[in-house]
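Trainee: These are the residues of each chain, in order.
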Amino acid sequence: MNIVQLRDILTRLLDASPSLIGSYTLPNGSTIPAVYVVGRQGVPLEFKIHGLELAIQEFPRLNPRPGVGTFQQRKEWSMVLVDYDTSSSKLNQAAQRISRRFPDARFSFMPETDNVYGQYRVVIPDVEINFLI
Amino acid sequence: MSYIQHPTQLIKSQDTIIYVGAVSGASRPRVSSVDGAVTVSGAPPMKYLAGVTTASLAINDGETEYYLLGNGGFADSVVVTTRAQASITSYFQRDIDGSTIQPTGFDEAMDVVLRSRYDKNYEVFVQIYKLIGGSFTYDTTAFAASVMNYSEAYPADNLVEVTFDLMSRGPVAVGQITVSGTSLLPTEPNS
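Going down the list, the protein sequences come from chains A and B. Using my numbering, the letters of the first sequence map in sequence onto residues 1 to 133. Using my numbering, the letters of the second sequence map in sequence onto residues 134 to 324.
No lab work stands behind these hints: they were computed from the structure. Where hints are given, some of them may not hold.
To be verified - Under the rule of at most 30 Å between Cα atoms (straight-line distance), these lysine-lysine pairs were calculated in the DSSO-like manner:
1. B:Lys263 to B:Lys145
2. B:Lys263 to A:Lys75
3. A:Lys75 to B:Lys145
Here the structure is a predicted model, which is why all the values come from computation and not from measurement.
From just these sequences and the hints, can you work out the full model?
Mentor: If you want it as structure tokens, here you go:
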């Protein structure tokens, strides 16, 4: 699984009916699902966020395990689910939905702050077998 | 005088690779060891076993003891049988060709092993290589085998593991073999 596949899976998962994901309102007024891949920069300041946001780290943490003639690459994708809507229960619904698709995911709840109602740090394990060079 | 064992002096499991192929027809591939060198002829198309997390190989000899009068009461023996047994733990794998996961079927090497689930007369040709060095000299073990003691485990952390034994049938060859060309370590999926 690569970052594009993961983003697509999570976007479809959280946008399925009933949709849980929030939206970004772009400077031109259009809206897109609030799923952002955090790479060299975070979510642009000019994006206006509504509802639940998912920010996925572009690069997973690697934890290789040697095999016989190959090796097992154990990746951990890290992301943060943040609910900016103080009147919804979508954060827990989203965590529950992610659990049903990724039953080995780990969730760490982080308390609310002045800006957000609640947030989860989510870690999704992902394993692949790689060749040696 | 003492020596320090340098890491490059040690042969590592990561430099070990296991190949299997489906024995077809009425005759097995011919293997022999002469002066420590292995020769193999008639081997079927070989596929590497990827996803192997643990493997072990044992060469077990059966002997018959005998006693000679006037030999001081000491036992002597002759080895009458030799059998190789490789015990392998691997992940259960679907087939991937190039970068495309096939909707049906298993990895070609896994498929060779899995046929034994329903065909108990099915034989697998096995070659286990440990890289010694150069380009490319391996310590190798080669034998035809049947798959026995097959079992699957379904741990809740999601990866299905398969364990099985490859029990030799017929000659077992052990020794060195030199492969010209490229390393036997896989660089792309079985096709």
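Trainee: Tell me if the straight-line CA distance from Lys263 (chain B) to Lys145 (chain B) falls inside 30 Å.
Mentor: holds (8 Å)
Trainee: Lys75 (chain A) and Lys145 (chain B) were given as a pair; does the straight-line alpha-carbon distance stay at or below 30 Å?
Mentor: holds (24 Å)
Trainee: Given the hinted pair Lys263 (chain B) and Lys75 (chain A), is their Cα-Cα distance within 30 Å?
Mentor: holds (28 Å)
No hint from the list above goes unmet by this structure.
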